[in-house]
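Protein sequences, first through last, are from chains A and B. Per numbering that gives the first Met the number 0, residue 0 is the first one in the first sequence, and the count goes up by one each step. Per numbering that gives the first Met the number 0, residue 0 is the first one in the second sequence, and the count goes up by one each step.
Don't read these hints as lab results, they were simulated from the structure. Hints are not guaranteed to be accurate.
As the list claims (entries may be wrong) - Derived pair list, reagent style DSS-like, types lysine-lysine, alpha-carbon separation capped at 25 Å:
1) A:85 / A:8
2) A:11 / A:172
3) B:191 / A:41
4) A:149 / B:257
5) A:149 / A:101
6) A:131 / A:118
7) B:191 / A:101
8) A:61 / A:11
9) A:131 / A:11
10) B:182 / A:41
11) A:85 / A:41
12) B:174 / B:257
13) A:39 / B:182
14) A:11 / A:58
15) A:58 / B:52
16) A:39 / B:254
17) A:149 / A:185
18) A:131 / A:185
19) A:41 / A:118
20) A:58 / B:254
21) B:257 / A:31
22) B:52 / B:257
23) A:31 / B:191
24) B:182 / A:58
25) B:257 / A:58
26) A:85 / A:131
27) A:61 / A:41
28) A:85 / A:118
29) A:131 / A:101
Claimed, not checked - Facing chain B, according to a computed beta carbon distance under 10 Å, are these residues of chain A, among others:
30) 10
31) 27
32) 32
33) 54
34) 55
35) 59
36) 148
37) 152
Glycine is no exception: its CB is placed at the ideal position from the N, C-alpha and C atoms.
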Amino acid sequence: MYDTSDLRKGAKINIDGQPYIVVDFQFVKPGKGVAFTRTKMKNMITGSILERTYRQGEKFEKADMEERQMEYLYPEGELFVFMDQKTYDQVRLTAEQLGENKFYLLDNLVCDVLLFDGKPIGISPPIFVELKVTATEPGFKGDTSSGGSKPATMQTGLKISVPLFVNEGELLKVDTRTGEYVERVKK
Amino acid sequence: MQGTRTAFFLGQRARVLRAIRSYFDACDFVEVDTPLMVPSPGLDVHLDAFEIKDTRAPRYLITSPEYQMKRLLAEGMPRIVQLCHCFRRNEEGSRHQPEFMMAEWYRTSAGIEEMMCDTEALVEHVARTLLGTAVIPAMGNAVDVGAPWERLTVRDAFMRYANVSLDDVLPSEEKFYELLVDKVEPMLGLGKPTLLYAYPASMASLARLTPNDPTTAERFEAYIDGVELCNGFGELTDPREQRARFEQDQAQRRKLSKPVYPIDEEFLSALDRGIPASGGNALGVDRLVMLITGATSIEDVVSIPASRL
């Protein structure tokens, strides 16, 4: 159990069977009155925001969260199948649960799968992944530094903005936190 | 950068302190400094004190200098002011520090009305001295602190902003404070400061009951842009009523499994000897500096916040 003094940004709590992460909190107390903690929380499944004011000392159920390293296997209809590398258990996530992360799913990519009450609710891919460019305008020779960018489509369908010198077939390092180009990978 | 920020806020803070002193000096107040280590830190049910170890008799850090200053009223001092640190356990946030500065003052031959007027005049004086105008940045929405301020009873405020009758709320003190912080406080002091007054008698604290309406007390608080700035009283000076309230507070603390602080008998015997009708007010100096400078966190306006000690 948590109480209000354990509330921090990033604390994960279970409210009515839903996992919430605290995104903001404020200590509120009228001079001669009762103390409260005003919190803003995000539902970790739906992304919806909940604002609540709690009495000081009020108790919370900790969200039963677990992260397990799993390997991405293959798509199965609308679902994406992952396998626990230790137990060989398989779990399935929907495209909605993966959100933008579905664009980083290379075969055999090892991700952290987030489980709430034992059920998968999302993944954290590695911070950087290497993706191949499948479509972009031809690059300009010699143009390696001057600014300017163009759209490119990666092998997973991800669309990002890349420097002008990038060519089709090249391997790029991409930051999965921002979906931004980092650098070319020389192989 | 951090250096210039600190220099700016502490420079303004020093000017605020000077302006507060010049206001009270002009009104013929005597500045006093009463002990910070005391036998009873105040019995308010929702204030927790720090106990000091290694003293011969039990001692606590003050949560406000109220008892000691009122003893000086009994000694015949007509107008006194104090600028001192006060200490309250378990209070830390963007508007709270466990150690903070209070400006507290008392006038004899005065009641709640004089205290409200003092508050208006003091804050306007500080604003004009520092900024050359009565318009202050507050918490991001400019507020004109020129007198007179809005006066609003607690009953009207709950009706207007929480759409409830105080009579339906009051059986539960918790419900009262919940609505106060969620619905009422954020609406107070927008554009113009609000003086919230006529607190229910059950929340009189150390205020006397309103002579022509004993269901309310002569207690007020000032709000600027949603921020509580001070708490003032037409003072309770009847020793028997005061002892009864202390005993009630002690019982309440016991019920809530909170530490039960002793009754300050020296303070009660001062009331016994007699204190003229008086008004008093306690104003959070750090918050005033925030409102004058537009700082959004109290940590910006103190020299070293508790979190960085």
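Hint check results:
A distance of roughly 31 Å separates the Cα atoms of residue 85 of chain A and residue 8 of chain A; the hinted pair therefore is violated under the 25 Å criterion. Restraint check: the Cα-Cα separation between residue 11 of chain A and residue 172 of chain A comes to about 31 Å, which exceeds 25 Å; the hinted pair is violated. Taking the CA atoms of residue 191 of chain B and residue 41 of chain A, the gap is about 35 Å. The hint is violated against a cut of 25 Å. In summary, the hint linking residue 149 of chain A to residue 257 of chain B is not supported, as the alpha carbons are separated by about 66 Å, beyond the 25 Å threshold.
A distance of roughly 22 Å separates the Cα atoms of residue 149 of chain A and residue 101 of chain A; the hinted pair therefore holds under the 25 Å criterion. With a C-alpha separation of about 32 Å, the suggested pair residue 131 of chain A and residue 118 of chain A falls outside the 25 Å cut-off, and the hint is violated. Restraint check: the Cα-Cα separation between residue 191 of chain B and residue 101 of chain A comes to about 52 Å, which exceeds 25 Å; the hinted pair is violated. The straight-line distance between the Cα atoms of residue 61 of chain A and residue 11 of chain A is roughly 6 Å, inside the 25 Å bound, and the hint therefore holds.
Taken as a hint, the residue 131 of chain A and residue 11 of chain A pair is broken in the structure, with Cα atoms around 36 Å apart against an allowance of 25 Å. Between residue 182 of chain B and residue 41 of chain A, the direct Cα distance comes to roughly 22 Å. Compliance with the 25 Å bound is thereby established for this hinted pair. Restraint check for residue 85 of chain A and residue 41 of chain A: not satisfied, since their Cα atoms lie roughly 31 Å apart, outside the 25 Å limit. A threshold of 25 Å between alpha carbons decides the hint, and for residue 174 of chain B with residue 257 of chain B the separation of about 20 Å falls inside it, so the pair holds.
Restraint check: the Cα-Cα separation between residue 39 of chain A and residue 182 of chain B comes to about 16 Å, which is no more than 25 Å; the hinted pair holds. Under the criterion of a C-alpha separation no larger than 25 Å, the hint pairing residue 11 of chain A with residue 58 of chain A is consistent with the structure, at around 13 Å. Between residue 58 of chain A and residue 52 of chain B, the direct Cα distance comes to roughly 31 Å. Violation of the 25 Å bound is thereby established for this hinted pair. In summary, the hint linking residue 39 of chain A to residue 254 of chain B is not supported, as the alpha carbons are separated by about 32 Å, beyond the 25 Å threshold.
Of the pairs offered as hints, the one joining residue 149 of chain A and residue 185 of chain A holds, with about 20 Å between alpha carbons and a cut-off of 25 Å not exceeded. Between residue 131 of chain A and residue 185 of chain A the alpha-carbon distance is near 12 Å, which keeps this suggested pair within the 25 Å criterion. Between residue 41 of chain A and residue 118 of chain A the alpha-carbon distance is near 18 Å, which keeps this suggested pair within the 25 Å criterion. Proposed proximity of residue 58 of chain A and residue 254 of chain B is supported: the alpha carbons are some 20 Å apart, at most 25 Å.
For the hint pairing residue 257 of chain B with residue 31 of chain A, the CA-to-CA distance comes to about 15 Å; that is within 25 Å, so the pair holds. As the CA atoms of residue 52 of chain B and residue 257 of chain B are separated by approximately 18 Å, the hinted pair is consistent with the 25 Å bound. A C-alpha spacing of about 23 Å is found between residue 31 of chain A and residue 191 of chain B, which places the hinted pair at or below 25 Å, so the restraint holds. Among the hinted pairs, residue 182 of chain B with residue 58 of chain A is consistent with the structure: their alpha-carbon atoms are about 23 Å apart, no more than 25 Å.
Proposed proximity of residue 257 of chain B and residue 58 of chain A is supported: the alpha carbons are some 18 Å apart, at most 25 Å. Between residue 85 of chain A and residue 131 of chain A, the direct Cα distance comes to roughly 29 Å. Violation of the 25 Å bound is thereby established for this hinted pair. Taking the CA atoms of residue 61 of chain A and residue 41 of chain A, the gap is near 15 Å; set against the 25 Å cutoff, the hint holds. As the CA atoms of residue 85 of chain A and residue 118 of chain A are separated by approximately 17 Å, the hinted pair is consistent with the 25 Å bound.
Our distance criterion of 25 Å between C-alpha atoms is met by residue 131 of chain A and residue 101 of chain A, whose separation comes to about 15 Å. With a cut of 10 Å, the hint placing residue 10 of chain A at the interface with chain B is violated, because the nearest CB-to-CB distance is about 16 Å. This hint holds: residue 27 of chain A has a C-beta 5 Å from the nearest C-beta of chain B, less than the 10 Å allowed. Annotation: interface hint on residue 32 of chain A holds; nearest CB of chain B at approximately 4 Å, less than 10 Å.
Checking residue 54 of chain A against chain B by beta carbon gives a least distance of about 7 Å; that is within 10 Å, so the hint holds. Interface restraint check for residue 55 of chain A: the shortest CB-CB distance to chain B comes to about 8 Å, inside 10 Å, so the restraint holds. Violation of the interface hint for residue 59 of chain A is found here, the shortest Cβ-Cβ separation to chain B being roughly 17 Å, above the 10 Å cut-off. Annotation: interface hint on residue 148 of chain A violated; nearest CB of chain B at approximately 32 Å, more than 10 Å.
For residue 152 of chain A, the interface hint is violated, since its Cβ never comes within 10 Å of a Cβ in chain B; the closest pair sits about 42 Å apart.
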